[in-house]
Amino acid sequence: NAGVTQTPKFRVLKTGQSMTLLCAQDMNHEYMYWYRQDPGMGLRLIHYSVGEGTTAKGEVPDGYNVSRLKKQNFLLGLESAAPSQTSVYFCASSYDSSSTDTQYFGPGTRLTVL
Amino acid sequence: QQQVKQSPQSLIVQKGGISIINCAYENTAFDYFPWYQQFPGKGPALLIAIRPDVSEKKEGRFTISFNKSAKQFSLHIMDSQPGDSATYFCAASSGTYKYIFGTGTRLKVLA
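Protein sequences appear in the order of chains A and B. Heads up, the first sequence is in this note's numbering, so the first residue is 14 and it goes up one at a time. Heads up, the second sequence is in this note's numbering, so the first residue is -12 and it goes up one at a time.
The following block holds chain A by itself, in its conformation from the complex (with noise of 0.2 Å):
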């Protein structure tokens, strides 16, 4: 099991570029999130998606876009890329809804945008 992975470890874009970030899991998970953890300000959820072919909102969701169209692969998007969104970003996947289910990460992609 290679649990959760994450395509491109890092990335570095100039404003206004677009990019997806590609999230896998192989856990059979239904539940999967998008993170970005910024210095100071711990991991703030950006969307998830609580099967395939639906996604939701989180905290942070400007500037964002996301999809699930395999229950194993949850997409998240920059169309046009601002300094602001330079940040690690993590993926994580949980088998239910229960708050007490283990969510697991992904080891992050460093994106910089220029």
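Hints listed in this document are in silico derivations from the structure and should not be mistaken for laboratory results. C-beta atoms are modelled at their ideal positions from N, C-alpha and C, and glycine is treated no differently. Misleading hints may appear alongside valid ones.
Said to hold, decoys possible - Here are the simulated DSSO-like cross-link-like pairs (lysine-lysine), alpha carbons at most 27 Å apart as the crow flies: (1) B:Lys55 x B:Lys29; (2) A:Lys70 x B:Lys29; (3) B:Lys2 x B:Lys55; (4) B:Lys(-8) x A:Lys84; (5) B:Lys58 x B:Lys2; (6) B:Lys95 x B:Lys2; (7) B:Lys85 x B:Lys29; (8) B:Lys45 x B:Lys55; (9) A:Lys22 x B:Lys58; (10) A:Lys27 x A:Lys70; (11) B:Lys(-8) x B:Lys45; (12) A:Lys22 x B:Lys95; (13) B:Lys44 x B:Lys55; (14) B:Lys85 x A:Lys22; (15) B:Lys85 x A:Lys70; (16) A:Lys84 x A:Lys27; (17) B:Lys(-8) x B:Lys55; (18) B:Lys85 x B:Lys2; (19) A:Lys70 x B:Lys44; (20) B:Lys45 x B:Lys95; (21) A:Lys83 x B:Lys44; (22) B:Lys29 x B:Lys44; (23) B:Lys29 x B:Lys(-8); (24) A:Lys70 x A:Lys84; (25) A:Lys27 x B:Lys45; (26) B:Lys29 x B:Lys2; (27) A:Lys83 x A:Lys70; (28) A:Lys83 x B:Lys29; (29) B:Lys85 x B:Lys44; (30) B:Lys29 x A:Lys84; (31) A:Lys84 x A:Lys22; (32) B:Lys58 x B:Lys45; (33) B:Lys58 x B:Lys29.
Said to hold, decoys possible - Facing chain A, from chain B, some residues (calculated, C-beta under 10 Å): (34) Ser42; (35) Phe53; (36) Gly82.
We have chain A; now place chain B onto it with these hints.
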């Protein structure tokens, strides 16, 4: 209401010492309080968690103390080791999969 306040921001402890990280919350609907450990260049991983029906949970050298009336909970790392050097996040959730994370504590244990 939805915030989880974590302190200190950073902590330096001698090997063998006790590391203590504190978190406080306002939302009394929170019913699950996990702690995540994150090593540099890695994603966070669940370390230990507690529900508010108990005041303490211990797993090896790691203990969560929970004070429901004060709306506070803390992580204690006994006999701290250099391998414990990492960033620790507390979190809270209220009956759903949505976690509210604290801002993190960077722990350094000196050899």
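Hints violated by the structure (numbers, ascending)
1, 3, 4, 5, 9, 16, 18, 19, 21, 25, 33, 34, 35
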